[in-house]
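Line by line, the protein sequences are chains B and F. Taking numbering that gives the first Met the number 0, the leading residue of the first sequence gets 0, the next gets one more, and so forth. Taking numbering that gives the first Met the number 0, the leading residue of the second sequence gets 0, the next gets one more, and so forth.
Check the hints yourself; a few may be wrong.
Chain F is faced by these chain B residues, among others (derived, beta-carbon under 10 Å) [claimed, not checked]:
# : residue
1 : 97
2 : 98
3 : 136
Okay, the calculated bits of chain B under chain F, using three or more residues with CB under 8 Å as the criterion [unchecked claim]:
# : region
4 : 23 to 29
5 : 107 to 119
6 : 232 to 239
7 : 258 to 267
8 : 271 to 284
9 : 291 to 304
Calculated from the structure, these hints are not laboratory results. Beta carbons are placed, not taken as given, at the ideal position from N, Cα and C, and that holds for glycine.
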Amino acid sequence: MILLLQYTLLFASVLMLVALGGCFSERSGVINIGLEGIMVVGALGGALVMKFLPLEMGGAPVMILATLVASAAAGMLFSLLLAVAAIHFKADQTITGTAMNMLATAAATVAVKAMNTAASGGNDVSSDIIYTRARNTFIVRFGNFEFNWFMLVALIALVVSYVVLYKMRFGLRLRACGEHPQAADSVGINVYKMRYAGVLISGLLGGIGGIVYITAGVSSWKFENGVAGFGFLALAVMIFGQWKPIRIALAALLFGFFRALGNVYTGFDLLKNLNLPSQVYNMLPYIISLLVLALTSKNSLAPKAEGIPYDKGSR
Amino acid sequence: MIRKKLASFIRKDGVQTLLASLLCVLGGLLIGFAVLLIIEPNGAFEAITVILKNFFKFSSSRSQLKYLGQTLVRTAPLLMCALSVLFAYKVGMFNIGAAGQYVAGACAALFFALYFKAPWWVCVLAAMAAGALLGAASGALKTFCNVNVVISGIMLNWIMLYITNMVLSTDGVKNPMSPYTIQVRGNNTQGLLPQMGIQTLFSNEKSVTIAIPLAIIMAVVVWVVLNKTRFGYELKATGYNFHAAKYSGMKERRNIILTMAISGALAGMGAALLYLTGIEEWETTISSVPAMGFSGIAVAFLGGLSPIGSILAAFFIQHITLGGSYVDTTYYCAQISSLISSLIIFLCAFVGFFRYVMQSRIGKKDEAAQAKLQAEKGGSVT
Chain B
0 MILLLQYTLL FASVLMLVAL GGCFSERSGV INIGLEGIMV VGALGGALVM KFLPLEMGGA
60 PVMILATLVA SAAAGMLFSL LLAVAAIHFK ADQTITGTAM NMLATAAATV AVKAMNTAAS
120 GGNDVSSDII YTRARNTFIV RFGNFEFNWF MLVALIALVV SYVVLYKMRF GLRLRACGEH
180 PQAADSVGIN VYKMRYAGVL ISGLLGGIGG IVYITAGVSS WKFENGVAGF GFLALAVMIF
240 GQWKPIRIAL AALLFGFFRA LGNVYTGFDL LKNLNLPSQV YNMLPYIISL LVLALTSKNS
300 LAPKAEGIPY DKGSR
Chain F
0 MIRKKLASFI RKDGVQTLLA SLLCVLGGLL IGFAVLLIIE PNGAFEAITV ILKNFFKFSS
60 SRSQLKYLGQ TLVRTAPLLM CALSVLFAYK VGMFNIGAAG QYVAGACAAL FFALYFKAPW
120 WVCVLAAMAA GALLGAASGA LKTFCNVNVV ISGIMLNWIM LYITNMVLST DGVKNPMSPY
180 TIQVRGNNTQ GLLPQMGIQT LFSNEKSVTI AIPLAIIMAV VVWVVLNKTR FGYELKATGY
240 NFHAAKYSGM KERRNIILTM AISGALAGMG AALLYLTGIE EWETTISSVP AMGFSGIAVA
300 FLGGLSPIGS ILAAFFIQHI TLGGSYVDTT YYCAQISSLI SSLIIFLCAF VGFFRYVMQS
360 RIGKKDEAAQ AKLQAEKGGS VT
């Protein structure tokens, strides 16, 4: 039971971080299908720090901070690809995002394989990064419950997102750019700048989400597998959450619960006795999200101008 | 005179698309080469030539033909996935679910071939039906529940992957000694696509079947349907403007669902065209959706969203993908090819921009020429 709670909170943290990222991007008017790719790149950035930063240098706090900063920076850097293409070159945002997802997994695989091959003189051609020791610094044990510092990070991100979006001038301007960029421009808001900010924030949060995901239950990650559609689940969470932080948090908890069930169902006699193949549990989060979307998308509150490149000349 | 001809040549739509696509390919290859240089400068040039050469690396023409045959065998399903993507795209939908519809096709084709021992054409039809069903589900979710096609497509991709792994793990379908399904070749010869003598062109390569001409025929059919029929026109009209289509009396909801069903059937058929050649088996433990459907997106856009262009693009992408598997693995890995193809799609997103630049260049030249003409006529240009 405690295990289920622990995993639910962890996966909910991931989904919340990434969905909030998507929320910032879409609120500024840019559809971010590339969240999945951003997660992979962010995870790679963080995993490299965890592998190479010696633990002796400052211990746990330094390790946690460095990992966070590296993931966020990697995610932001990668999200620039979307920002430049979508904002400056008016590229199709869906194609760009899809390309980014493929690019991220391919690039991460090539990079990690090249690194492993070089380090082992050609014996190790896997795409795995192992980070057992560093991962232990993220965890504080309370009895059976493993508290992960990233849960706190997600909570902070939630509060900050809410304040930024609804209580600050920046948030109001950002939202205006997603609803009616021409109107925003007419009162002197720089739409291009706002959209850059939105996409970069999504890179930051998505990158952190990536590292939280790969360190959630395991001590090594195979980068060939990417992040198994988690970026898209986060998008579903965002839509279900109607682009609003508090609702996103609740949606993340729900989806996180079903994802966690797949990890720990063997611990429940009731579920074990049902004798369902593990594939069913793997499918569960996707089925639930599809059902939920089918029931709730009718009255979608999506930002009105999302996906439309802003052209100063058009009316 | 020649310049004038060249100018009007460049102005053609098709030529501009081709130029833009070539630019994307060149860009992708250059960046890929740069990555190879960063990993290990010494072998980089050799590696990129190996990727570009693919089957030409074999010295005897016999093996060259054999491996050309294998490349074509894998090109056919890729082309089908590209057709699936572009068909939906022409109607205004981004069918990222092609990957899942392809998986559904593989599931149905192999299950019918191995469990029911059905003849090949039944298996192909089953695969098309399975793909169509999944596609129609996406379309219905879009029209009735307003769920974005991209999101539902992705969710269905994963759901279908796990369902397929479950279904194909049935006794009698899965090989009990390995994670793969049993071979179609040894267990149901009827289920294999017929060869009709085509294999003789490719050094009697076993996997060469009518799949290759069939895929090309489907490309032509898709072109005809989209460009020469009323049905295709209605579908495209629905894509351009949903409400206008409705207003002019078209069945807009039916059109959307039908488009996704056709798109799904194309992708599903693609899977049948691969797995019923016996070139490979399904691995029931895979944990990621096969890349074929996603590569189809790359092909569709690289081919300038034209069925005929997609034939060339599909061959090229498959060519470099297989070429990637021959690179020297002491330094590099095969995924360098997927890196190059993903870079190509990324650049394809800029195609609109390339064309805009070309157009405006030509436009400026035209204006200048007009002004000159005016000046020569004697009137002052103000």
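Results for each hint:
| no. | hint | result |
| --- | --- | --- |
| 1 | 97 | holds, 6 Å |
| 2 | 98 | holds, 4 Å |
| 3 | 136 | violated, 28 Å |
| 4 | 23 to 29 | violated (count 0) |
| 5 | 107 to 119 | holds (count 6) |
| 6 | 232 to 239 | holds (count 3) |
| 7 | 258 to 267 | violated (count 0) |
| 8 | 271 to 284 | holds (count 5) |
| 9 | 291 to 304 | holds (count 6) |
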